[in-house]
Structure formats: structure tokens, C-alpha cells
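J.: Sequence:
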Amino acid sequence: MGAPAGTRAMRAREHGENFPVALRWLPREPRRHLHVVYAVVRTIDDIGDRAPGDRTAQLLEFRTDLARVWAGDEPRHPALRELTSTVTDCDLAQEPFRRLIEANLMDQRVRRYATFEDLLGYCRLSADPIGRLVLQVFDQSTPRNEALSDRVCSALQVLEHCQDVAEDLAAGRVYLPEDDLAEFGVTAADLVSGSGHGRRAAVLRQVDRSAALLDEGSELVGRLTGWARVAVAGYVAGGYATVRALRAAGGDVWQEPTAPRRVDLVRSMVSLLAHHRRVTTR
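Note that the working numbering numbers the sequence shown so that position 139 is 129, with each residue one more than the last.
In short, the hints are calculated from the structure, not lab data. Here the structure is a predicted model, which is why all the values come from computation and not from measurement. Take the hints with a grain of salt, since some may be wrong.
Simulated DEER-style distance windows between Cβ atoms [as the list claims (entries may be wrong)]:
no.	residue 1	residue 2	range
1	Trp15	Ala137	25 to 31 Å
2	Asp154	Glu206	19 to 25 Å
3	Pro17	Thr132	39 to 45 Å
We put the CB at the ideal spot given by N, CA and C, even for glycine.
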């Protein structure tokens, strides 16, 4: 029997992601659970970004449907029906999913962020919950692990915003902090046209900040055991590879897509696993 529709759709989209959630070499069960979780994550994002009609109303309706999973009722959405067994098997919390919905609700009313701290506040809703769900799937959630995971996930989110400046602008959103744009003399017209040196400097500043967050969070690799360690090393490696790709492009994300090379990602992952050996966790 083939994979459920939601899982098949997620796998098709996964090939376009910088940081594939379900690394192909993971064992079947954690890979399946990650696919199911990620299918729900993508569904939430698709409603917030692409759904016709009133997206706010649809997100609120999805939030109500989500609650049915934990209430013991059958949800209506197929991705949530698939999620039910994963919630039971992995003892997943509802809160990370609710925060992801809140991030998409914020996208409906907030179009710009004044400072990098404001952007990180958004990442706490839009990205950090995903890392916490991954830790829950592998039963390796601790306060310290969650804090380190938050740094990694925020870095990955900011890097994605750097890559998607033009796409986000087409949707009426600017995730590059306004104070940085002002400092480098970047106008809205510059972002649209991709002209001027300042726009690239603004991107590279976010890249540098993301690299610093990855440096802070990479300790997580050494704190995890088993396949969780391999999976998280893959995410962190994807972040570092993207940092290098964006720097190599000089922050110019307007001419062509800037994505890391797979060979660079694999090398980075091997290096991380070798450098961050297992440590005693508390």
C-alpha cells in the first residue's frame, strides 16, 4: 500500500527544501513520524501562504481541528488524521503546532520587522517549534536541548528568509530588519529591482547572525544519542552549507536561487559528527 496522500505530497516538496526533515537514511519509524509531522507543518504554511479566501478564518478552523487530535475526537483534515497515531506513539505536545499556526496568523497582519530581535520573536513561533517536535519524536527533549534547538531553528529560518527575499516581497512581506535596511540605505524599490550594493550587505548581515546562532546551537549535536544525533547534524550542516552558499554569492539572492551543494552539506555533516562527540547531558 502506498504512502498516505499527505505524506506523498510532503515528500515531493521535501526535495526543494534546504533542510530535509526526514533524512533518507533514518530508520523507518522515526522517518515516518517526521514525515507525518512535517506534512502538518507544510499544511499550516500552505494555508497561511497560498489558500484562497479568508486565510485567517481557515487557520483558526485548522486550529480547532488540531485540538480534536488531543481531545480524542477524529479530526477532519487528512494530515491531522495521519498525525493522530504519531501523537500517541511519540507523546507529542499540541503547543508547538499551535505556535506554528500563530506564526501564520501573524503573517496575515505583520508585513515587516523593525529589528533583528523582532524577527527572532517571529522565529520563536515559526521555526523553533519544529525543532522541539523533532526532539519529541526522538524522545530527547530537555530544557537545554530545547534551548540549543531554538538557536539552530531560528538560524535556519533567517537563512530561508535571506534566500526568499524576492518571493516574500511578491507576497507583500519583508523579513530583512528595517533598521538594517535603513542603515545600508536600501529602499523598497531597491528590493524590488535588486539594484544597489546595500541590499546585499543587508542580506549578509543576517547571514552572519545566522552563522553565530548555528555556532551557539551546534553543541546540540553532541548532546543527542542515536539517530537523533544524525538527524540534527543534518539540519545544522544544511545551515552551515547555506551560509557558505550565500556568502559565495555575495548576498545576491536576486539573480538566481542560492542553494547549498549536496556535497558541501554532506561534508559539513560528517565534520559536525566528528567534532561534536557525545557528551553527558543534564
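J.: Of the numbered hints stated earlier in the document, which are not met by this structure?
T.: 3
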